[in-house]
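Participant: Sequence:
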Amino acid sequence: MNRSSNHVLRCSVMMKIGILCLGLMFAVPAFAREVETVLIVSIDALHPDALSEKTSPTLYALMRSGRYTLAGKSVDPPKTLIAHTAMMTGLTPEESGKQDNDWKPGMPQVARETLFDDARQRGFRTAFFYAKQKLGYLLSYAVDEHALARDDGIDMARAFFSKGGKRFAFLHVSGLEDAGTDYGWLSPEYLGELTYIDLELASLLADVGKRGTYLIVVTSDHAGHDRQHGTSHPDDFKLPLIIAADHNLPPLSAGAFHITGLKDIMQQMFAADEPLAMGKHELKQQ
Numbered sequence: 001m002n003r004s005s006n007h008v009l010r011c012s013v014m015m016k017i018g019i020l021c022l023g024l025m026f027a028v029p030a031f032a033r034e035v036e037t038v039l040i041v042s043i044d045a046l047h048p049d050a051l052s053e054k055t056s057p058t059l060y061a062l063m064r065s066g067r068y069t070l071a072g073k074s075v076d077p078p079k080t081l082i083a084h085t086a087m088m089t090g091l092t093p094e095e096s097g098k099q100d101n102d103w104k105p106g107m108p109q110v111a112r113e114t115l116f117d118d119a120r121q122r123g124f125r126t127a128f129f130y131a132k133q134k135l136g137y138l139l140s141y142a143v144d145e146h147a148l149a150r151d152d153g154i155d156m157a158r159a160f161f162s163k164g165g166k167r168f169a170f171l172h173v174s175g176l177e178d179a180g181t182d183y184g185w186l187s188p189e190y191l192g193e194l195t196y197i198d199l200e201l202a203s204l205l206a207d208v209g210k211r212g213t214y215l216i217v218v219t220s221d222h223a224g225h226d227r228q229h230g231t232s233h234p235d236d237f238k239l240p241l242i243i244a245a246d247h248n249l250p251p252l253s254a255g256a257f258h259i260t261g262l263k264d265i266m267q268q269m270f271a272a273d274e275p276l277a278m279g280k281h282e283l284k285q286q
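First residue of the sequence shown? That's 1 in the numbering used here, and the numbers climb one at a time after it.
Simulated from the structure, these hints should not be mistaken for laboratory data.
Just so you know, even glycine gets a beta-carbon here, dropped at the ideal spot from N, CA and C.
Among the hints, a few may not be true.
Said to hold, decoys possible - Simulated pairs of lysine-lysine, DSSO-like, Cα-Cα distance not exceeding 27 Å:
(1) Lys73 <-> Lys54
(2) Lys54 <-> Lys163
(3) Lys73 <-> Lys166
(4) Lys210 <-> Lys166
(5) Lys104 <-> Lys134
(6) Lys263 <-> Lys163
(7) Lys263 <-> Lys134
(8) Lys104 <-> Lys132
(9) Lys132 <-> Lys73
(10) Lys263 <-> Lys54
(11) Lys134 <-> Lys210
(12) Lys104 <-> Lys263
(13) Lys104 <-> Lys54
(14) Lys263 <-> Lys73
(15) Lys210 <-> Lys163
(16) Lys166 <-> Lys263
Stated by the list, open to error - Simulated DEER-style distance windows between Cβ atoms:
(17) Ser52 <-> Pro234: 19 to 27 Å
(18) Asp144 <-> Pro108: 19 to 27 Å
(19) Asp264 <-> Gly184: 29 to 37 Å
(20) Asp151 <-> Asp100: 21 to 29 Å
(21) Gly97 <-> Glu53: 21 to 29 Å
(22) Gly184 <-> Glu34: 40 to 48 Å
(23) Ser52 <-> Gly164: 32 to 40 Å
(24) Gln228 <-> Ala159: 33 to 41 Å
(25) Glu34 <-> Asp144: 15 to 23 Å
Take these sequences, add in the hints, and give me the full structure.
Facilitator: Following this line, the structure appears as structure tokens:
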């Protein structure tokens, strides 16, 4: 999904207008009521140090309006399928049994309950759009709509949210891992790819903001260092967590966020009666 710099910076005026609208949308929380729309976005290989108002204005607007930590930690080893399984199930690789990073169609799929089960139990129609075939491991009866979407996952998510009713979507976005491997994590090319992804996400987030009461979560599976990832280097374990909504979010409690904690956080967000366990680096809601 690497893009040339001129492609990345296309429609800059439109992006500025879109970010302004997003800022206004997320700035005024509504009175708490039942959440009707949930979007979780996992930006594969996103290093938290890459996030800034310049490189990712859409995500930065979410950070300003909601809660976030840049001190999240992935599983060991910090690899895509292992990490997403931990994210979805709330279990460590040892607990879930998924300790390898491989899966192909026809192989056994996840046997543990996931975020999709939680959403279905609360009356949501669910969708999973993912850019890597191996994430098909996480499909189950609890997923109503799904697709391997290497380049058009954002468009598929927009189509999913264009219909009525309570809707829950998990969107996996790729591109940064290739940029990191080819040019290095936090390189100009890596940051340019993030800017492109950020621009593409703006329209989806605007759509979600129009659908009644919503909850948006943006996170990642792992980061990387130099041109490597999945090793024991400290940077490979890093990831961000951003939570934004059109209603008041529960208070955040201190403590390091681990990727296995997302499932519990989502359950707490639905209940809205317990503090969220997140990291120390957070921006309080205004």
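Participant: All the hints need checking, so say for each whether the structure fits it.
Facilitator: Against the structure, the hints:
no.	hint	result
1	Lys73 <-> Lys54	holds, 24 Å
2	Lys54 <-> Lys163	violated, 33 Å
3	Lys73 <-> Lys166	violated, 31 Å
4	Lys210 <-> Lys166	holds, 13 Å
5	Lys104 <-> Lys134	holds, 6 Å
6	Lys263 <-> Lys163	holds, 25 Å
7	Lys263 <-> Lys134	holds, 21 Å
8	Lys104 <-> Lys132	holds, 10 Å
9	Lys132 <-> Lys73	holds, 21 Å
10	Lys263 <-> Lys54	violated, 31 Å
11	Lys134 <-> Lys210	violated, 32 Å
12	Lys104 <-> Lys263	holds, 25 Å
13	Lys104 <-> Lys54	violated, 38 Å
14	Lys263 <-> Lys73	holds, 15 Å
15	Lys210 <-> Lys163	holds, 12 Å
16	Lys166 <-> Lys263	holds, 19 Å
17	Ser52 <-> Pro234: 19 to 27 Å	holds, 21 Å
18	Asp144 <-> Pro108: 19 to 27 Å	holds, 21 Å
19	Asp264 <-> Gly184: 29 to 37 Å	holds, 34 Å
20	Asp151 <-> Asp100: 21 to 29 Å	holds, 26 Å
21	Gly97 <-> Glu53: 21 to 29 Å	violated, 41 Å
22	Gly184 <-> Glu34: 40 to 48 Å	holds, 45 Å
23	Ser52 <-> Gly164: 32 to 40 Å	holds, 36 Å
24	Gln228 <-> Ala159: 33 to 41 Å	holds, 36 Å
25	Glu34 <-> Asp144: 15 to 23 Å	holds, 19 Å
Against the hints set out earlier in the document, violations occur for numbers 2, 3, 10, 11, 13, 21.
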